[in-house]
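Asks: Residue numbers (full-length UniProt numbering): 1 to 703.
Treat the hints as calculated values from the structure; they're not laboratory data. Since the structure is predicted, the reported quantities are computational estimates derived from the model, not experimental observations. One should not assume that every hint holds.
As the list claims (entries may be wrong) - Computed list of lysine to aspartate or glutamate pairs in EDC-like fashion (alpha-carbon distance at most 20 Å, straight line):
(1) K93 x D81
(2) K288 x D274
(3) K572 x E655
(4) K223 x E212
(5) K598 x E610
(6) K290 x D271
(7) K563 x D577
(8) K571 x D263
(9) K255 x D267
(10) K551 x E595
(11) K449 x D53
(12) K140 x D91
(13) K255 x E220
(14) K693 x E655
(15) K93 x D62
(16) K520 x E509
(17) K223 x E159
(18) K520 x E212
(19) K93 x D60
Stated by the list, open to error - Taking CB as the label site, the calculated pair distances span:
(20) K190 x C488: 55 to 65 Å
(21) K288 x T52: 54 to 64 Å
(22) V154 x Q667: 31 to 41 Å
(23) S111 x K259: 21 to 31 Å
(24) G287 x E684: 24 to 34 Å
The beta-carbon is built from N, C-alpha and C at its ideal position, and this holds for glycine as well.
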Amino acid sequence: MPGLGKTTVARRVYNSPTVTYHFHVRAWCTVSQVYEKRQLLLQILADIRGLTDRISEMNDEDLQIKLRQCLLRNRYLIVMDDVWGEEAFEDLKNSFPDDHNGSRILVTTRSRGLALEINPHREPYSLRALSEDESFRLLKMKVFNEEDCPKELVAVGKEIARQCRGLPLAIVVVAGILAMTEMSRNEWKKIANSLSSQVLNDPEAQGQSVLELSYQYLPEYLKPCFLYMGVLDKDRDILVSKLVRLWLAEGLIPKTQTKSVEDLAEDFLMDLIDKSLVIISQRRSNGKVKACRLHSLMLDFCKSKAKDANFFRLVTRCDDPYASFPSSDYGFEFDFYHHLRPVSFASYRLAVCLKQNHFLESRPSGLGTRSLVFFASTDSETRWPYDISFILHNFKLLRVLDFECIDVASFPVEIGLLIQLRYLAVGGYVSSIPQSLGNLRKLETLIVKGLRGKIILPNTIWHLTSLRHLHVKIHVAFNLDDEEYENCSVLENLVSFSRLSLPCGQDAERILKRFPNLRKLSCIFYEPQDSSTTCNQFPALDFLTHLESLKIVYFGTPLNDGKFNLPSNLKKLTLSDFRLPWSHISAIGSLANLEILKLQSGAFEGQTWEMEEGEFQRLRFLSLDTLDIVQWNASCDHLPRLERLVLQNCNDLEEIPFDLADILSLQMIEVNCCAQSVEESAKEIGEATGEVKVLIRSSDLTT
1 MPGLGKTTVA
11 RRVYNSPTVT
21 YHFHVRAWCT
31 VSQVYEKRQL
41 LLQILADIRG
51 LTDRISEMND
61 EDLQIKLRQC
71 LLRNRYLIVM
81 DDVWGEEAFE
91 DLKNSFPDDH
101 NGSRILVTTR
111 SRGLALEINP
121 HREPYSLRAL
131 SEDESFRLLK
141 MKVFNEEDCP
151 KELVAVGKEI
161 ARQCRGLPLA
171 IVVVAGILAM
181 TEMSRNEWKK
191 IANSLSSQVL
201 NDPEAQGQSV
211 LELSYQYLPE
221 YLKPCFLYMG
231 VLDKDRDILV
241 SKLVRLWLAE
251 GLIPKTQTKS
261 VEDLAEDFLM
271 DLIDKSLVII
281 SQRRSNGKVK
291 ACRLHSLMLD
301 FCKSKAKDAN
311 FFRLVTRCDD
321 PYASFPSSDY
331 GFEFDFYHHL
341 RPVSFASYRL
351 AVCLKQNHFL
361 ESRPSGLGTR
371 SLVFFASTDS
381 ETRWPYDISF
391 ILHNFKLLRV
401 LDFECIDVAS
411 FPVEIGLLIQ
421 LRYLAVGGYV
431 SSIPQSLGNL
441 RKLETLIVKG
451 LRGKIILPNT
461 IWHLTSLRHL
471 HVKIHVAFNL
481 DDEEYENCSV
491 LENLVSFSRL
501 SLPCGQDAER
511 ILKRFPNLRK
521 LSCIFYEPQD
531 SSTTCNQFPA
541 LDFLTHLESL
551 KIVYFGTPLN
561 DGKFNLPSNL
571 KKLTLSDFRL
581 PWSHISAIGS
591 LANLEILKLQ
601 SGAFEGQTWE
611 MEEGEFQRLR
621 FLSLDTLDIV
631 QWNASCDHLP
641 RLERLVLQNC
651 NDLEEIPFDL
661 ADILSLQMIE
671 VNCCAQSVEE
681 SAKEIGEATG
691 EVKVLIRSSD
701 LTT
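Throw the hints in and build the complete structure from the sequences for me.
Replies: Here it is in structure tokens:
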């Protein structure tokens with residue numbers, strides 16, 4: 001039965017520090033009723049080693065071989081969540097080597113019979129529905145946290161809990177409604193009456209009625225935001241950054257004087273999370289939500305409501321042309337197999353999830369379509385560049401166009417036709433961007449995944465005065481020799497930019513001053529051909545007064561002047577490959593608002609880091625990755641607010657300073673692929689405090 005908490009229990013086991021320490025490798029994949037073998041393989045490999053372009057382009061057979069190689073001789077835990085049929089397990093089992101070393105595969109399923117088919121030698125662990133007392137305790141905890149339920153609400157609260165039929169998902173969803181409702185008996189009675197009017201003998205059907213009630217209680221401005229998640233959630237995590245930008249492009253977030261639209265969008269998302277409609281799946285180092293998803297039952301409900309409201313249309317195709325579409329997709333797909341002539345769509349939004357050539361070769365059109373979003377094909381197919389210029393002629397009123405997953409032959413010149421465009425994501429064989437991009441005066445988000453090195457932006461980019469987010473997956477540069485450069489506009493609305501390639505020195509400052517309101521910047525500083533004293537130095541960035549997050553990779557010889565002149569409001573800083581002596585870190589340590597620091601790949605060099613008094617007074621997260629440090633001298637006075645410490649690939653480091661055990665705020669130490677003495681020092685700190693969680697991935701990992 002859905003909604004009993006199977007995934008929640010599996011997640012707690014999976015994330016348990018004891019389990020994390022015991023297994024060398026852990027991976028999680030969500031299977032669901034309709035699954036694709038390739039997608040499962042990619043999910044598992046992503047958790048183990050991350051997805052490179054080379055892995056993403058492998059065929060299914062090579063993916064299976066790669067997965068087996070990653071798991072061989074390692075003690076691993078693989079979770080297969082929401083399995084509906086034995087076929088999914090059979091498809092993957094040959095990729096799971098049995099080295100008799102304690103590796104485990106954890107399967108969650110709604111079917112006890114299926115669990116016994118997969119492993120007939122072990123009785124499956126079955127979750128039961130909660131009792132009425134347990135249901136009320138869960139309801140109280142979700143609504144009141146540690147506080148007591150007011151006496152006048154106890155009776156009606158028990159009635160509401162009883163009507164949830166012991167389903168934890170239904171209980172927490174109803175609790176989300178109650179927490180946002182006036183704490184009066186009359187208001188709670190209205191909710192109880194709404195539930196009692198739909199009491200059904202089938203607990204699963206009753207759960208659906210609870211979801212319907214939660215949707216009806218949503219404010220009108222949140223309903224389209226919730227429905228939009230049904231477009232993006234294909235049993236995968238949804239990146240919050242992408243979700244927010246799409247909400248903005250769709251006009252779902254109002255503009256206010258008190259908050260940025262991005263912050264307001266994140267507030268909307270937190271409202272959905274607080275109402276238990278959305279699940280947090282990943283957090284950022286600053287504690288904010290990085291990725292989210294919907295419970296499978298909630299996803300089905302969301303798709304059903306989206307269909308009823310004609311909110312979007314899913315375009316897909318079965319591999320078997322004679323097979324019917326699964327009922328879970330609600331029959332609002334379009335099958336191209338029997339439609340060889342061009343197809344015209346009337347839907348406001350189209351979500352395309354099928355092999356690229358199936359959709360593109362049909363030459364579809366949609367004069368009324370406002371959003372066209374492509375999902376990566378998980379089928380194994382030959383990849384070659386496509387000409388998608390016809391889309392720009394046939395869908396002229398688009399506000400959202402996302403074909404990042406399609407390998408386009410080149411950035412189409414016809415893009416300038418889409419003058420209503422707010423969101424544009426392009427992928428493929430892109431080496432240049434056409435001047436016609438400057439016609440998109442309403443564009444707010446531009447994402448380019450180029451495969452041919454550095455991309456030079458056209459000078460018409462300065463016409464995009466509405467642009468808020470500019471992201472290039474390799475790196476991007478400006479033509480500084482352009483005669484019109486000095487007369488170009490300032491992009492005052494741009495708040496995030498990556499990955500910008502800049503020469504060190506005054507040229508970098510000259511460019512960055514055209515983005516005065518940047519909040520997030522990821523860039524590459526490189527040593528120019530003229531490596532004079534004025535060029536080979538860290539540029540002054542203190543004029544970026546709104547900048548909160550900065551990531552810099554440096555290419556070149558060590559800087560002549562390693563002093564950092566950084567914005568005082570900076571909260572997050574990531575540095576790589578500067579190879580500066582540790583004495584230069586004092587300028588970073590003095591940043592009054594710095595909360596997150598990541599030092600990677602030789603950011604600093606030298607055997608000893610001697611921390612000084614008064615540094616890093618607000619730092620909450622510290623990551624040291626691939627540094628040659630041997631001795632680290634620090635105490636609780638140096639990092640008084642540290643919450644999480646991550647050490648990775650610091651092979652020469654002897655130990656973690658034991659005095660860090662005296663930091664009252666310290667919650668977690670994570671050690672990945674460091675010396676055994678570092679692992680032991682982390683354990684000693686954990687044992688000494690009794691509260692600090694210690695997560696260790698040993699350096700004996702064989703992949």
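Asks: Are there hints from earlier that the structure breaks, and if so, what are their numbers?
Replies: When the structure is compared with the hints, numbers 3, 12, 17, 18, 21 and 23 turn out to be violated.
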